[in-house]
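From first to last, the protein sequence lines are chains P and L.
First residue of the first sequence? That's 198 in this note's numbering, and the numbers climb one at a time after it.
First residue of the second sequence? That's 12 in this note's numbering, and the numbers climb one at a time after it.
Derived by calculation from the structure, the hints in this document are not laboratory data.
All values derive from a computational prediction rather than experimental measurement.
Don't be surprised by glycine CBs; every beta carbon is placed ideally from N, CA and C.
Fair warning: there could be bad hints in the mix.
[Stated by the list, open to error] Part of the chain P face toward chain L, derived, beta carbon under 7 Å:
no. : residue
1   : Y232
2   : A247
3   : E250
4   : R279
5   : K280
[To be verified] List of simulated lysine to aspartate or glutamate pairs, DMTMM-like, C-alpha gap at most 20 Å:
no. : chain 1 : residue 1 : chain 2 : residue 2
6   : P       : K236      : L       : E355
7   : P       : K280      : L       : D50
8   : L       : K361      : L       : E19
9   : L       : K124      : L       : E138
10  : P       : K245      : P       : D210
11  : P       : K267      : L       : E39
12  : P       : K236      : L       : E51
13  : P       : K236      : P       : E274
14  : P       : K236      : L       : D50
15  : P       : K280      : L       : E355
16  : P       : K267      : L       : E357
17  : L       : K22       : L       : E355
18  : P       : K280      : L       : E51
19  : L       : K22       : L       : D50
20  : P       : K280      : L       : E42
21  : P       : K280      : L       : D37
Take a look at the letters that make up each chain.
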Amino acid sequence: MAGAVPEYGLPKDLIAASAVPLLLAILAEGDSYGYAIIKRIRDASAGKIAWSEGMLYPALHRLADQGHVKPCWRQAENGRRRKYYRITEAGSEELARRRTEWAMVNETIELLGGNDNGV
Amino acid sequence: MEFDLEAEIRKWRDHIRGTGRVGSADLEELEAHLRDGIDELSGCGLDGEEAFLISVRRLGNVTAMGEEFAKVTSENLWRQMVLIPSSPADQRRHARELGIVVILGLLAGVLGKIPATLGYGSMTGGELVYVKNLTFFALVGVGAYLAWKRSLTLRFILAVAGIFVAAAILVNLYPSYGPNNTALLLGVHLPIAFWLLLGLVYGGKGWQRSEIRMDFVRFTGEAFIYAVLIGCGGMVLVGATSVLFDLAGVDASGFIENYLVVFGGLAIPIVAVYLVERKKTVIENIAPVLARVFTPLFLLLIISVLIAVSVSGGVRDSREILISLDLLLAVVLGLVLYTMSAREEEGPMKPSDWLTFGLLLTALILDAVSLSAIIFRLSHYGLSPNRVAALGENVALLVNLLGLAVGYALFVFRKIGYRRIIAAQMRYLPVYFVWTLFVALAFPPLFGFR
Numbered sequence: 198m199a200g201a202v203p204e205y206g207l208p209k210d211l212i213a214a215s216a217v218p219l220l221l222a223i224l225a226e227g228d229s230y231g232y233a234i235i236k237r238i239r240d241a242s243a244g245k246i247a248w249s250e251g252m253l254y255p256a257l258h259r260l261a262d263q264g265h266v267k268p269c270w271r272q273a274e275n276g277r278r279r280k281y282y283r284i285t286e287a288g289s290e291e292l293a294r295r296r297t298e299w300a301m302v303n304e305t306i307e308l309l310g311g312n313d314n315g316v
Numbered sequence: 012m013e014f015d016l017e018a019e020i021r022k023w024r025d026h027i028r029g030t031g032r033v034g035s036a037d038l039e040e041l042e043a044h045l046r047d048g049i050d051e052l053s054g055c056g057l058d059g060e061e062a063f064l065i066s067v068r069r070l071g072n073v074t075a076m077g078e079e080f081a082k083v084t085s086e087n088l089w090r091q092m093v094l095i096p097s098s099p100a101d102q103r104r105h106a107r108e109l110g111i112v113v114i115l116g117l118l119a120g121v122l123g124k125i126p127a128t129l130g131y132g133s134m135t136g137g138e139l140v141y142v143k144n145l146t147f148f149a150l151v152g153v154g155a156y157l158a159w160k161r162s163l164t165l166r167f168i169l170a171v172a173g174i175f176v177a178a179a180i181l182v183n184l185y186p187s188y189g190p191n192n193t194a195l196l197l198g199v200h201l202p203i204a205f206w207l208l209l210g211l212v213y214g215g216k217g218w219q220r221s222e223i224r225m226d227f228v229r230f231t232g233e234a235f236i237y238a239v240l241i242g243c244g245g246m247v248l249v250g251a252t253s254v255l256f257d258l259a260g261v262d263a264s265g266f267i268e269n270y271l272v273v274f275g276g277l278a279i280p281i282v283a284v285y286l287v288e289r290k291k292t293v294i295e296n297i298a299p300v301l302a303r304v305f306t307p308l309f310l311l312l313i314i315s316v317l318i319a320v321s322v323s324g325g326v327r328d329s330r331e332i333l334i335s336l337d338l339l340l341a342v343v344l345g346l347v348l349y350t351m352s353a354r355e356e357e358g359p360m361k362p363s364d365w366l367t368f369g370l371l372l373t374a375l376i377l378d379a380v381s382l383s384a385i386i387f388r389l390s391h392y393g394l395s396p397n398r399v400a401a402l403g404e405n406v407a408l409l410v411n412l413l414g415l416a417v418g419y420a421l422f423v424f425r426k427i428g429y430r431r432i433i434a435a436q437m438r439y440l441p442v443y444f445v446w447t448l449f450v451a452l453a454f455p456p457l458f459g460f461r
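Next up, chain P with everything else stripped away, as it sits in the complex:
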């Protein structure tokens, strides 16, 4: 598993916990497939969040099982078949719920004492 999480990256537990909302948020931007999703998260987080393939696909398949995303095969311009994922209505609702939860956690951390960053 060396290299799956870079030194400067988030700790494993936080990556795992944030995987579902981040995945849903990426798919809310538009349909996408595994390789592009990993690139998207790397770009969006300026390289701070590096997902490994080993966590991405199990997480995607689980979301599909739960009905939050819907997979479908599509032919790319170069003739390659790719499995795209599209967010479903249930997925959008789940995303909204997760957003509120994260905001709540964030707010609570900010409110609590010991915050010497002055934010």
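Model the placement of chain L on the given structure of chain P, informed by the hints.
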């Protein structure tokens, strides 16, 4: 040596598939991912081999993670956070699946009780109505379950269901006269034909692809082994029921015969299929292991029989010789098929391939020697339905094994890769469907329903 990217990718695919933890659709997804990675790295100026190695290294994590996930006892953090089926939606789906299996299992038993309520005897009595209909009792539920699991389109489901219904109506309209040969042939061949038909449901839209057919072959082997094991357990249960109620002074034979055997026996296929479906990504396959154990033993057996025949000076003329030869060829085909199912699609000849090749050649020699000894006398016995059916099976198996032997010979001389043998074998499978269906449905009218 030139770096062959395609061959390396195929080897990688075989390796991942061999771990048994990635389904065929997932594998295709991973392969697209691998190729995307190679394309991008090649675009950065790396050569094919470097790009391949780095991309594989990245994807290597997938199987490593898979292994970690497969350990039930693992305290792995990912597992707890991402994978454990703790979400209510997951649990609901599993519960619904189990519910469907239980209902379909009971449905099989209820179907099996229909003849008795119409005034026929019990199932264990061996009446013809059961011989004809057992296929439908046992396999309708399996088909329905697989159709649900694969989320097939309504049109696809209706087409397969239509074939089931049409065949069920047809066989029940057939009369049967003594000695009921064609009806008994129907009882043997219809289950095979309809199991192969279920391959369509199993494969869904991809049923024509060779990998999917191979998956169905693997699935068949596992389901068969599960069914045999469950059947053995069932017999212990029946024995225990009988003995224990006897102890209590109650005669349970009526209950056993009319309910336990009917409901239990007919539920076996669906339960076996369900277990294989649920376990498929974690379990090590058993059928290829059995094939590996028995291939050398059967090779020894056939060689010694060939020696015995040459010493005794010929094959003993017997009415059952065709059937024994068919059984032998079927076993050899099974051994080759399940050796094939676990073998990598790439790579050079291995010692185990020589064993398989030897098995094919000796089986063909034995079949040729025996057939040539009796072929002219076959007509003396008359063309009974049993003999025509057995002869047809012999031809179908012989052509198949000949094709395999030719494939192996070309493979030995490096004319073709192993995957060509697999592809050809998978294309041949429908022949068995056509012939078994023909014997089951066309023989009765052809031979006057006798």
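20 Å Cα cutoff - pair K245/P, D210/P: holds (15 Å)
Proposed proximity, E51/L with K236/P (alpha carbon, max 20 Å): holds (11 Å)
K267/P paired with E39/L [C-alpha distance capped at 20 Å]: Status holds; Cα separation ~17 Å.
20 Å limit on alpha-carbon distance, applied to hinted pair K236/P and D50/L: OK: K236/P and D50/L at ~14 Å, within 20 Å.
Satisfaction of the A247/P interface hint, Cβ to chain L closer than 7 Å: Where the cut-off is 7 Å and the nearest Cβ of chain L is about 11 Å from A247/P, the hint is violated.
Agreement of hint Y232/P with chain L interface, Cβ distance less than 7 Å: holds (4 Å)
Interface hint outcome for E250/P [beta carbon to chain L under 7 Å]: Holds, about 5 Å.
Distance restraint between K22/L and E355/L, which requires alpha-carbon spacing of 20 Å or less: holds (7 Å)
Restraint check for K236/P with E355/L, where alpha carbons must lie at most 20 Å apart: violated (32 Å)
Hinted pair K280/P and E42/L, Cα distance within 20 Å: It holds: about 11 Å lies between the C-alpha atoms, which stays within 20 Å.
K280/P paired with E355/L [C-alpha distance capped at 20 Å]: violated (25 Å)
Satisfaction of hint between D50/L and K280/P, Cα-Cα up to 20 Å: The given pair, whose Cα atoms are some 17 Å apart, holds under the 20 Å limit.
The structure shown violates the earlier hints numbered 2, 6, 15, 16.
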